[in-house]
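Colleague: These are the residues of each chain, in order.
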Amino acid sequence: MPPADRSRRGVGLGLRWEFLEDLVERVASGSLTVDELPFIEVAPENYLRRGGYVVEAFEFIASRIPVLSHGLHLSLGGLEPFAPSYLAELRRFLERFDAPWHSDHLCFSSVDGRMLHELLPMPRTEDAALHVAARIREVRARLGRPFALENISWYRELGESELDEPTFLARVLEEADCGLLLDVNNVQVNAKNHGFSATEWLARVETQRVWQLHVAGHEHRASEGLFVDTHGAPVEEPVVDLMCATLLATGPLPVVLERDTSVPSLEELLAERSRLQRSYDEAIAEHARRTAIEAPHA
Amino acid sequence: MREPSVSGLAHLAALQHSLLAIVAGHEGDCGLGIYRRLVHANLLHALNAQLPLTCAELGPGLPRLVSDFCAEELPRSPVLRDVAFELVRWAEPRWRADALVPAWLGALARAELLEFDCHTAVREPPPLASTTLDPLLPVAFDATCRLACLDHRVLDRLTGTLPAGELRAEPHGVVFHRGLDNEVHSLPVSATDASVLVELLVFERPLAEGVRRGLAAAGASLSEASLGAVARTLEELFERGILLGSRERATTGEEAGAPWPVSWRDLVRPRP
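Chains A and B, in that order, give the protein sequences. When we follow numbering that gives the first Met the number 0, the leftmost residue of the first sequence carries the number 0, and every step to the right adds one. When we follow numbering that gives the first Met the number 0, the leftmost residue of the second sequence carries the number 0, and every step to the right adds one.
No lab work stands behind these hints, which were simulated from the structure alone. Positions of the beta carbon are idealized from the N, C-alpha and C atoms, including for glycine. What you were told as hints is all true, and nothing was included just to trick you.
Just the calculated beta-carbon pair ranges, DEER-fashion:
1) A:263 with B:235: 43 to 53 angstroms
2) B:270 with A:203: 45 to 55 angstroms
3) A:270 with B:159: 29 to 39 angstroms
4) B:121 with A:32: 22 to 32 angstroms
5) B:43 with A:161: 27 to 37 angstroms
6) A:6 with B:48: 25 to 35 angstroms
7) B:16 with A:221: 25 to 35 angstroms
8) B:48 with A:30: 25 to 35 angstroms
9) B:134 with A:30: 48 to 58 angstroms
10) B:121 with A:159: 41 to 51 angstroms
11) A:30 with B:269: 47 to 57 angstroms
12) A:235 with B:270: 46 to 56 angstroms
13) B:264 with A:173: 46 to 56 angstroms
Only some residues are given here: those of chain A computed to face chain B with a beta carbon under 8 angstroms:
14) 44
15) 49
16) 52
17) 72
18) 85
19) 107
20) 113
21) 114
22) 115
23) 117
24) 127
25) 133
26) 157
27) 174
28) 223
Taking the hints into account, I'd like the entire structure generated from these sequences.
Modeller: What follows is the structure in structure tokens.
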């Protein structure tokens, strides 16, 4: 079950500098509150060891809007020790902004001290699952708070797979006893690229472990012959459907709308957020209705 | 709790090394070339955000530069915004050796990055011993202060005064400083003053020793004229709130934090 935290529910936004100034103005004027934007998600690495306008703006927004923390740099599948200084700074950041958990990706992004700045797929083996799980346990202990793992878009398999993706993911989650940040856009991208049913994939997820969702857009790259998780387009309806299907099973959770490239105006993003929120509310209402029906029989 | 097997970890390491080699371009795609292209695209995106003027000058040569950087070096910092620093440090000697690259490109890149670093510096007040200058103590500068030692007038390109064309060769320095309004201001200084500021700001030497070393490095004598010029520059820095007084001591290792692979101090002067 997710950590008890009711301050972050509904659909929030990944914070981007493209609309930072506009967001500060709206929050400062009171025209945007938690009613219109229940929370924001940030990558701590963008604010650690940093000063200036961006940090001051973020700190101001965070004083009014709750924060979720989602990192990029842990390289959970990597083989090098975690940098103590990074984890210590990250811990202080999480404490300062009262993040209920920290999350990062089921991937590796560094080899032999070389940082590749991309989410690279793990070979789906039993040993790889145990390795990632051990790393998650270490991170959780050193951060002093719960941890959620995100599933990634993968374009090619690395090595021979012993396990399919849902089994590999489940193995990691079980061994680490951590939460799942379920990125339903990544599920859809992988389903399109590798020819499986996203709905059937989702049915194999242990819903009790889902703490948070990501939704985003993706695009087809003809040069690659693949759909790529660009976070550069509006969320397509099938991804919204996956979000709703998940919420029907889980009940209320924080859902983050991610938009990292071709970022439109804040106005446009908030409009998309509102549309997603309506779908969210319908799914939660249906979840509540089903739960109420089932309760007398419990 | 179960642990992975030694052979399983060895297999994982081998696979990760193979993907590293593909990203670096040392091995053929084996169907995984998309990851090399994604890594390159991420690095290009970061470079264009932090070095727009330098990247514009490089034009179609930029993707090749990134590809060569990945083949020879690859980033070491986990922080994406450090990639530009690492690449410029690696590239500058190569640019100097390349007759097709403008002679001023390295200076432009360093100035762009030092200005960027000034924008993002943490404004932590240094431990002040005094608001006056003590010749036996290091000098306290505002934490956002950055220094670029340049051999071409690249500031004209940064400010948009000269948006295109060749830039005049002239050894000098530029001090960048961020005001309380978060605006970054630049102050050109002479090459001699820049040499002194390297000793005081970068190496945090006590004032008297730093002035002596800096003048010697610039080939200037300890004359009244030289010392007077330095004093006027330090006075101007003081009036602008860049120079704060004397520090109790040089920055300790703990205050500096665990080092990232490249610091702004590595870009103050051209890499030999």
